[in-house]
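Protein chains in written order, with our numbering: chain A, 1 to 222; chain B, 1 to 222; chain C, 1 to 222; chain D, 1 to 222.
A portion of the hints provided could be inaccurate.
[Said to hold, decoys possible] In silico DSS-like pairs for lysine-lysine, Cα to Cα no more than 30 Å straight-line: (1) Lys94(A) / Lys115(B); (2) Lys127(D) / Lys115(A); (3) Lys94(A) / Lys127(B); (4) Lys11(A) / Lys11(B); (5) Lys115(A) / Lys115(D).
Honestly, the hints are just simulated from the structure, not real lab data.
4 protein chains.
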Amino acid sequence: MIPDRLVAGYKSFLGDRFSRERQRYEVLAESGQNPEILIIGCCDSRVSPEVIFDAGPGEIFVVRNVANIVPPYETNGQFHGTSAALEFAVEALKVRHIVVMGHASCGGIRSFAQKSAPLSSGDFIGKWMSIIAPAADTLDDPGDNPSDNYMMRLNLAAIEQSLANLMTFGSVRRRVSAGELQLHGAYFGVATGLLLVRDPETGRFAPLAEDVGTPPSLLRCD
Amino acid sequence: MIPDRLVAGYKSFLGDRFSRERQRYEVLAESGQNPEILIIGCCDSRVSPEVIFDAGPGEIFVVRNVANIVPPYETNGQFHGTSAALEFAVEALKVRHIVVMGHASCGGIRSFAQKSAPLSSGDFIGKWMSIIAPAADTLDDPGDNPSDNYMMRLNLAAIEQSLANLMTFGSVRRRVSAGELQLHGAYFGVATGLLLVRDPETGRFAPLAEDVGTPPSLLRCD
Amino acid sequence: MIPDRLVAGYKSFLGDRFSRERQRYEVLAESGQNPEILIIGCCDSRVSPEVIFDAGPGEIFVVRNVANIVPPYETNGQFHGTSAALEFAVEALKVRHIVVMGHASCGGIRSFAQKSAPLSSGDFIGKWMSIIAPAADTLDDPGDNPSDNYMMRLNLAAIEQSLANLMTFGSVRRRVSAGELQLHGAYFGVATGLLLVRDPETGRFAPLAEDVGTPPSLLRCD
Amino acid sequence: MIPDRLVAGYKSFLGDRFSRERQRYEVLAESGQNPEILIIGCCDSRVSPEVIFDAGPGEIFVVRNVANIVPPYETNGQFHGTSAALEFAVEALKVRHIVVMGHASCGGIRSFAQKSAPLSSGDFIGKWMSIIAPAADTLDDPGDNPSDNYMMRLNLAAIEQSLANLMTFGSVRRRVSAGELQLHGAYFGVATGLLLVRDPETGRFAPLAEDVGTPPSLLRCD
């Protein structure tokens with residue numbers, strides 16, 4: 001049977017949050033969803049977009065794959081889950097913001113940086129993570145034992161890669177040109193709670209800290 | 001800049017939930033994640049797994065794609081995001097439960113049932129949703145104007161398809177045989193909050209309602 | 001035997017241009033090439049980059065393929081001629097400018113716009129031109145009989161696509177960020193000789209006409 | 001902005017060559033191109049086919065890739081730029097001659113002969129140059145430090161390979177059999193200006209020297 005933890009969690013949701021927001025759920029079921037934001041996040045159990053942005057039902061359309069990657073537009077191959085979600089969000093829902101959100105201690109990024117052995121004969125992780133190879137090309141070679149600092153920089157470079165890949169989709173490019181869509185990068189520090197946000201002018205990531213009065217101790221990004 | 005809604009939501013998270021759970025985040029950053037549950041859910045903005053199961057950081061590894069689909073194991077083609085996440089969850093994290101969770105009013109399911117026109121020349125949604133074609137083959141032809149009831153049945157059939165596709169992965173099959181991994185199906189009614197759970201014996205979906213004292217009015221699954 | 005036209009042309013080259021520039025050829029053979037510019041142009045017989053820019057030996061590294069296309073960075077598949085040339089130009093030659101140059105009456109663009117039947121069972125042109133499908137997505141549907149104006153707009157949109165695809169290469173992105181590399185778009189009007197150049201700020205193409213005192217009659221871009 | 005060198009070169013073209021040949025450009029724009037010759041040349045900045053053969057607009061359809069390579073006919077994989085150009089030239093333009101033209105000091109050939117390290121993680125050059133591996137198999141192993149002479153012989157062998165690969169395209173084979181298409185090999189000595197041309201009977205390359213009265217000193221092919 002479904003694990004007890006989920007049964008208990010669902011009871012809690014039903015008695016608490018669903019009770020309070022029930023009308024909202026009913027309206028959303030009636031009218032359909034109409035989110036303005038697409039977040040492409042990681043599957044990691046510590047980085048739920050709805051939690052980190054305290055979002056309610058209907059607010060964020062969420063793709064979660066390993067290491068929050070957007071592949072480039074390509075039509076060979078058959079099944080492109082992330083491209084499908086992107087197409088749906090942009091063309092059908094007409095979202096106005098796309099946020100690619102990475103996070104510290106990402107297992108996918110580490111696997112790539114450490115050139116980990118395949119996990120199965122399919123080597124799905126190896127193939128999937130190869131999408132960020134050109135991001136690694138923008139950094140110096142880390143040698144055999146990549147540091148945490150290198151992995152953070154690789155993570156930010158991979159977000160840049162995904163933002164560049166987003167622009168290979170004609171629908172994205174058209175809406176960005178028309179001012180109807182903005183692309184953003186963000187990076188969540190699990191230990192510190194600190195969120196780095198990409199400056200669209202300079203491409204640099206800086207903490208959203210001042211804005212939120214984060215105490216100095218949070219400024220370390222693990 | 002990053003939308004105000006996200007800035008405000010992040011502030012709220014930082015001041016409230018992160019403050020309360022800070023130690024847990026720090027421990028999780030130190031020790032790494034160790035979730036026991038993988039949920040494969042839909043990108044839809046109304047069905048966050050962490051919300052529906054009131055889950056905290058570290059509890060659920062989450063894949064979200066359009067219509068919560070697991071493709072079959074296949075190695076031709078290059079990038080398989082969902083298979084990569086599955087491989088990581090099963091082989092690296094050794095999760096003990098996989099839940100495929102559908103929901104009412106799923107845009108991907110509707111797009112397939114209504115044979116919608118491609119959203120772009122890439123037709124990513126069309127190709128992606130074609131994975132559930134064999135699920136549709138298990139149902140009668142709905143004609144040109146599929147009913148809501150048909151779409152719910154198609155959704156449940158698609159969950160069956162994904163559960164069968166999961167079993168095409170050797171690592172999944174091996175762990176299921178060894179009793180180390182259980183596969184589950186679930187379906188969330190957005191309007192009612194009702195959760196249907198699949199009975200692994202009979203394959204039928206039934207409300208978790210009695211368990212949670214859901215009032216009769218919730219028994220309608222929209 | 002090699003066609004007479006080439007024999008005669010080569011004699012002419014040897015007696016005229018090679019005689020005059022012989023020292024330059026000798027120096028270039030000794031020192032190796034060191035061009036600062038990569039032009040990605042079309043195979044079309046009317047649009048030689050060396051002719052249009054009156055370039056001498058050693059000045060321009062030239063890729064010519066059908067419709068002057070840059071594919072996105074991708075590593076599946078085996079042989080990527082254009083990506084190979086790009087890698088060589090950027091990483092080995094360290095060019096400082098990349099110009100994607102389209103032209104009027106491009107057969108590849110027309111073939112795509114008119115959804116022409118495959119030329120052979122391999123359908124190499126069809127597959128190759130499919131790279132610009134997302135560019136077509138940025139324009140309105142031209143219907144069954146696309147106008148010349150539509151084909152020009154598709155051509156400019158395809159140049160945008162190639163510029164976006166260039167940015168999916170890590171080496172390109174890194175050098176652009178560092179100010180070591182600039183990307184340009186251009187479009188040559190065969191009948192008029194007019195060259196449109198892309199404004200990097202606005203993304204709009206405008207004639208280089210004022211700069212060169214082009215008479216008004218040249219302002220029509222066929 | 002577009003580099004000054006190109007602006008100046010374009011002005012020169014417009015004032016000189018375009019002025020003189022304007023009618024030809026207009027006619028070509030009106031009637032479309034109708035070249036009889038396809039040249040497959042190298043991207044190298046020192047070997048423009050239009051310069052070496054003193055060709056005017058409309059005379060030569062030109063593919064330029066690294067090391068003037070024709071891949072064999074193959075349909076798996078998606079984007080084949082050179083095969084697409086070949087298909088277009090043979091099937092749509094019905095060219096009567098195809099010239100594969102190599103040149104001295106080719107960086108692609110050298111990279112292959114010296115087993116150079118990948119230039120980026122994509123290793124596009126390495127993959128692309130692997131097409132000539134069977135050509136290298138026709139020569140003795142050059143050891144770790146291949147001589148210039150070896151590299152010239154490898155270059156000629158690679159041209160043979162490309163001519164053989166051309167014959168793997170059914171459309172080429174058919175037209176060659178019907179006497180409608182001829183295949184040629186050529187090799188340009190950058191330092192000397194000397195052009196070696198392949199004898200279709202013997203397969204040997206010999207200078208076009210007598211024909212053009214090249215002085216003996218040019219007979220060295222660097």
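Outcome of the hint check:
1. With a CA separation close to 20 Å, the supplied pair lysine 94(A) and lysine 115(B) stays within the 30 Å bound.
2. A hinted pair counts as satisfied when its Cα atoms are at most 30 Å apart, and lysine 127(D) with lysine 115(A) qualifies at roughly 21 Å.
3. Among the hinted pairs, lysine 94(A) with lysine 127(B) is consistent with the structure: their alpha-carbon atoms are about 20 Å apart, no more than 30 Å.
4. Annotation: proposed proximity of lysine 11(A) to lysine 11(B) holds, straight-line Cα distance about 27 Å (limit 30 Å).
5. The suggested pairing of lysine 115(A) with lysine 115(D) holds, with an alpha-carbon distance near 23 Å, which does not exceed 30 Å.
Checked against the numbered hints given earlier, the structure satisfies every one of them.
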